[in-house]
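Colleague: So you can see what is in the structure, the chains are spelled out below.
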Amino acid sequence: MKFIYQAWWKILGVLLVVYTIIAGFLFTVPALPILHETIRNVYFHVPMWMAMFLVFGVSVFYSIRYLASGKEEHDLIAIECVNTGIIFYVLGLVSGMLWARYAWGEYWSNDPKQNSAAIAFLLYCAYLVLRNAIDEEQKRARISAIYNIFAFPIMIVLLFILPRLTDSLHPGNGGNPAFGKYDMTNEMRAVLYPAFIGWMIIALWIATLRYRIRLIENKQNSL
Amino acid sequence: MELLRQTGYLLKKEILLEWRSKYAFNGVLLYIVSTVFVCYIAFNLTPGFEKSQGYAVVWNVLFWIIILFASVNAIAKSFLQENRSRLLYYYTIASPQAIILSKTIYNTLLMSLLSVLALVVYMLFFNNTVGDGWWYFLVVLAGSITFSTVFTMVSAIAAKAGNNGTLMAILSFPVIIPVIMLLVKISKSAMDGVERSLTYGNFAVLGAINVIVIAISLILFPFLWRD
Numbered sequence: 089m090k091f092i093y094q095a096w097w098k099i100l101g102v103l104l105v106v107y108t109i110i111a112g113f114l115f116t117v118p119a120l121p122i123l124h125e126t127i128r129n130v131y132f133h134v135p136m137w138m139a140m141f142l143v144f145g146v147s148v149f150y151s152i153r154y155l156a157s158g159k160e161e162h163d164l165i166a167i168e169c170v171n172t173g174i175i176f177y178v179l180g181l182v183s184g185m186l187w188a189r190y191a192w193g194e195y196w197s198n199d200p201k202q203n204s205a206a207i208a209f210l211l212y213c214a215y216l217v218l219r220n221a222i223d224e225e226q227k228r229a230r231i232s233a234i235y236n237i238f239a240f241p242i243m244i245v246l247l248f249i250l251p252r253l254t255d256s257l258h259p260g261n262g263g264n265p266a267f268g269k270y271d272m273t274n275e276m277r278a279v280l281y282p283a284f285i286g287w288m289i290i291a292l293w294i295a296t297l298r299y300r301i302r303l304i305e306n307k308q309n310s311l
Numbered sequence: 137m138e139l140l141r142q143t144g145y146l147l148k149k150e151i152l153l154e155w156r157s158k159y160a161f162n163g164v165l166l167y168i169v170s171t172v173f174v175c176y177i178a179f180n181l182t183p184g185f186e187k188s189q190g191y192a193v194v195w196n197v198l199f200w201i202i203i204l205f206a207s208v209n210a211i212a213k214s215f216l217q218e219n220r221s222r223l224l225y226y227y228t229i230a231s232p233q234a235i236i237l238s239k240t241i242y243n244t245l246l247m248s249l250l251s252v253l254a255l256v257v258y259m260l261f262f263n264n265t266v267g268d269g270w271w272y273f274l275v276v277l278a279g280s281i282t283f284s285t286v287f288t289m290v291s292a293i294a295a296k297a298g299n300n301g302t303l304m305a306i307l308s309f310p311v312i313i314p315v316i317m318l319l320v321k322i323s324k325s326a327m328d329g330v331e332r333s334l335t336y337g338n339f340a341v342l343g344a345i346n347v348i349v350i351a352i353s354l355i356l357f358p359f360l361w362r363d
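Protein sequences appear in the order of chains A and B.
First residue of the first sequence? That's 89 in the numbering used here, and the numbers climb one at a time after it.
First residue of the second sequence? That's 137 in the numbering used here, and the numbers climb one at a time after it.
Any given hint could turn out to be false.
Each computed BS3-like pair below joins lysine-lysine, with the alpha-carbon atoms no more than 27 Å apart [unchecked claim]:
1. A:K307 - A:K159
2. B:K324 - B:K187
3. A:K159 - B:K321
4. B:K187 - B:K321
5. A:K227 - B:K296
6. B:K324 - B:K213
7. B:K213 - A:K227
8. A:K90 - A:K307
9. B:K158 - B:K148
Since the hints were made in silico from the structure, they are not lab data.
Whenever a hint applies, use it, and build me the whole structure from the sequences.
Modeller: Next up, the structure:
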C-alpha cells in the first residue's frame with residue numbers, strides 16, 4: 089500500500105487528463121451525420137464509466153479481503169471507493185444525458201441503457217443506506233461487504249448485458265455499432281485511451297485521499 | 137452428500153413447520169386474493185375498460201406487481217421468524233450452505249405454489265386474454281423461482297441488519313427491477329401468442345440470473361451468519 093503515498097502516478101494522471109482535455113477539444117474528429125462535434129463527448133463520457141468501474145472493482149476486491157481478514161482498513165477502502173465511484177457514476181450519467189440531448193433529442197429518452205444505469209445507481213444507493221442502517225461497526229463492515237460483492241455482478245449485468253439484448257440507442261448496444269468499430273480514427277484513439285488511464289488514476293487518487301482522511305479521523309477518535 | 141442430506145432434513149423441517157401453522161401460506165394467499173379483489177372492484181368503476189386497447193398491458197403488469205409484493209411479504213418472513221437461539225442451534229448442527237439452500241428451495245416451492253394459485257384466482261376475476269396459456273404458466277413459474285432466489289438472499293442480509301421491511305425493499309428492488317422487466321416482456325409475448333422460440337434468449341438470461349444469485353448466496357452466506 090506504499091504507492092498511495094507516492095507522487096509519480098498522480099502527476100502522470102494529471103498530465104494525461106490535461107492532455108486529453110486540450111486534445112479532446114482541439115484535435116480533428118471525423119465528420120459524421122447526426123453526431124458532428126458531439127462525438128468529442130466520447131473523450132469525457134466513457135472515461136467516467138471506466139473510472140467508476142475501476143473504483144467499484146477495487147471496492148469489491150477489498151470487500152472480499154475484508155471478509156477474509158476482518159481488518160478495518162479494508163472496509164474503509166471499500167466504502168471510500170464506492171463513495172468515489174458514485175461521484176463518477178453521476179458524472180457519467182450527466183455527461184451521457186447532455187450528449188443524448190443533442191444526439192437523441194431528449195435528456196432522458198427511456199432508453200434501456202439509461203434506465204438500467206438508473207437502476208444500478210439505486211443498487212449502490214442501497215449500499216449506502218444499508219451502511220447507515222447498522223450501528224455496530226464490525227457487523228456493518230461485514231454485511232455491507234457481502235452486499236457489495238452481491239451488487240457488483242448485478243451491476244455488470246445491468247450495465248453491460250441487459251442493454252445489449254434489447255434495442256438501445258446507445259452506441260454498442262442493440263445492433264448499433266460502437267464508436268470503436270467503424271467511426272473511430274487513430275487520432276481519436278490517441279486521445280481516448282490516455283483519457284481512460286488518466287481518469288482512472290484521478291479516481292484512484294480521490295479514493296486514496298478519502299481513505300487517508302478516514303484513517304486520520306479513526307486515529308483521532310480512537311484515543 | 138453430507139450437504140444434500142442436511143439440506144433435505146432442513147427442508148423437511150421447514151415444510152413441516154409451515155404445514156403445522158400454515159401461517160405464511162394462508163397469509164400470503166389472503167393477501168393475493170384481497171389485492172386481486174380490490175383491483176377487480178377498482179377496474180369495474182370504469183365501465184368498458186375490458187374492451188379498451190390497453191387492457192392486456194394492464195392485465196399483465198398488474199399481475200406481476202401483485203406477485204412481486206406477495207413474494208416480498210412471503211419471503212421476508214423466512215429469516216424473520218427465526219429467533220437468535222434457534223439460529224445458533226442450526227449452526228451447531230448444519231453447514232451454512234445447507235441452511236441457505238434449504239431456505240431457497242423451500243421459498244421456491246412456496247412461491248411456485250402461491251403464484252400458480254394467484255394466477256388461477258386472477259383469471260377467475262379478470263377476463264383472460266392470454267394467447268399461449270402454457271407458455272404464460274411457464275413464465276409465471278420461472279418468475280416465482282427467480283423472485284424466491286433473489287429475495288431469500290436479500291432477506292438474509294436484511295434480517296441481519298435490524299429486520300425492517302424498508303431495508304428489504306430498498307435492497308431487493310434494484311435487483312428485481314430488471315427481472316420484472318424481463319418477465320413482463322416474456323409474458324406479454326406469451327399473451328400475444330408470439331412464436332415460443334423467440335423468447336428462449338430471455339429465459340436463458342433469467343436462468344443465468346438465478347445461477348449467479350444462488351452461487352453468490354452459497355459463497356457469501358457463511359460469512360453472513362457468523363456473529
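Colleague: The structure should be examined with respect to each hint, and the outcome stated for every one.
Modeller: Going down the list of hints, with the structure as the test:
About 15 Å separates the Cα atoms of K307 (chain A) and K159 (chain A), which keeps this hinted pair within 27 Å; it holds. A distance of roughly 18 Å separates the Cα atoms of K324 (chain B) and K187 (chain B); the hinted pair therefore holds under the 27 Å criterion. Using a Cα cut-off of 27 Å, the hinted pair K159 (chain A) and K321 (chain B) is violated, with the two alpha carbons roughly 45 Å apart. A distance of roughly 22 Å separates the Cα atoms of K187 (chain B) and K321 (chain B); the hinted pair therefore holds under the 27 Å criterion.
Of the supplied pair hints, the one linking K227 (chain A) and K296 (chain B) holds, its CA atoms being roughly 9 Å apart against a limit of 27 Å. Proximity of K324 (chain B) to K213 (chain B) is assessed by CA-CA distance (about 30 Å); at most 27 Å being required, the pair is judged violated. Taken as a hint, the K213 (chain B) and K227 (chain A) pair is honoured in the structure, with Cα atoms around 21 Å apart against an allowance of 27 Å. A hinted pair counts as satisfied when its Cα atoms are at most 27 Å apart, and K90 (chain A) with K307 (chain A) qualifies at roughly 19 Å.
The hinted pair formed by K158 (chain B) and K148 (chain B) meets the criterion: a straight-line CA distance of about 15 Å does not exceed 27 Å.
Consistency with the previously given hints fails for numbers 3 and 6, ordered from lowest to highest.
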